[in-house]
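These are the residues of each chain, in order.
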Amino acid sequence: SQTIHQWPATLVQPVGSPLSLECTVEGTSNPNLYWYRQAAGRGLQLLFYSVGIGQISSEVPQNLSASRPQDRQFILSSKKLLLSDSGFYLCAWRTRQTNTEAFFGQGTRLTVV
Amino acid sequence: QKEVEQNSGPLSVPEGAIASLNCTYSDRGSQSFFWYRQYSGKSPELIMFIYSNGDKEDGRFTAQLNKASQYVSLLIRDSQPSDSATYLCAVSRDTGRRALTFGSGTRLQVQP
Numbered sequence: 001s002q003t004i005h006q007w008p009a010t011l012v013q014p015v016g017s018p019l020s021l022e023c024t025v026e027g028t029s030n031p032n033l034y035w036y037r038q039a040a041g042r043g044l045q046l047l048f049y050s051v052g053i054g055q056i057s058s059e060v061p062q063n064l065s066a067s068r069p070q071d072r073q074f075i076l077s078s079k080k081l082l083l084s085d086s087g088f089y090l091c092a093w094r095t096r097q098t099n100t101e102a103f104f105g106q107g108t109r110l111t112v113v
Numbered sequence: 001q002k003e004v005e006q007n008s009g010p011l012s013v014p015e016g017a018i019a020s021l022n023c024t025y026s027d028r029g030s031q032s033f034f035w036y037r038q039y040s041g042k043s044p045e046l047i048m049f050i051y052s053n054g055d056k057e058d059g060r061f062t063a064q065l066n067k068a069s070q071y072v073s074l075l076i077r078d079s080q081p082s083d084s085a086t087y088l089c090a091v092s093r094d095t096g097r098r099a100l101t102f103g104s105g106t107r108l109q110v111q112p
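Protein chains in written order, with my numbering: chain A, 1 to 113; chain B, 1 to 112.
It cannot be assumed that every hint is accurate.
Said to hold, decoys possible - BS3-like, lysine-lysine: derived pairs with alpha carbons at most 30 Å apart:
id, chain 1, residue 1, chain 2, residue 2
1, A, Lys80, B, Lys42
2, B, Lys42, A, Lys79
3, B, Lys42, B, Lys2
4, B, Lys67, B, Lys56
5, B, Lys67, B, Lys2
6, B, Lys42, B, Lys56
Please keep in mind that the hints were generated in silico from the structure rather than gathered at the bench.
Bear in mind that the values here come from a model prediction, so they are computed numbers and not experimental data.
Turn these sequences into a full structure, and let the hints guide you.
Right, here's the structure in full:
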C-alpha cells in the first residue's frame, strides 16, 4: 500500500534561519506531489506542485522554494524564514490516473519566532 | 468570489442525528470532488471521493454531487461525538497540475 512520510512533525525556528522540510512517498511511482500551507483557522493554500523529477511549479510568490531530487521525494526550503512563514505545512501525493484520490502526510507545524 | 465555498459553521447537531455539510465551487471544469475530515492540529483525512453525478455511500457517509448546480454535499448519518471536526471540501481538474482547491472548511460539533 502507499504511504507518505513527512518530517519533522514540529519545528520552531528563528526569523532569518533556513528551512528544510522533507516528504517521501512509498508504494507508488511517478506521483504528482504537492506542498500546501494552512495558516491558523484557514483553508489549505497550494504552494508548489511537481509532476516529475526536477519539475517544480510555484503557485504563490514567496521566499520558499521546492525541489524534487528523486521520484518520490519532495523538499520544501527557505534560505531565510519570515514570521509570516509560520503555519502547518502539508505534503500530498496523487497518482497520474484520472479520478483518483489525493492523500496527505502528517504535516509539519512550523513556528517562526 | 472564492473558488470553493463552505459555511464556516459551527454546525451543531445532537448525537445520532444527520449532519449535512454543503459546498459550492466555481470552476465548471472540476472533475474530482473530495471531502476531508481534519481534527484540530492534525492532517486532513480523506473520507469521501466522488467524480460522477449522484450519490456515493460509504458506511455512515454519503457524498452527493450535482455538477450542473456546481454543488457537493456530505451527509453523516448517526452522528457521533467523534465526528466533531472541521470538514474540508476540495475540487480538482483531472488535467494539468491536478491540484486540489480547498474551501475554508465547516466546523461540525456533535453534542452528546
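Results for each hint:
{"no.": "1", "hint": "Lys80(A) to Lys42(B)", "result": "holds, 26 Å"}
{"no.": "2", "hint": "Lys42(B) to Lys79(A)", "result": "holds, 27 Å"}
{"no.": "3", "hint": "Lys42(B) to Lys2(B)", "result": "holds, 24 Å"}
{"no.": "4", "hint": "Lys67(B) to Lys56(B)", "result": "holds, 14 Å"}
{"no.": "5", "hint": "Lys67(B) to Lys2(B)", "result": "holds, 17 Å"}
{"no.": "6", "hint": "Lys42(B) to Lys56(B)", "result": "holds, 26 Å"}
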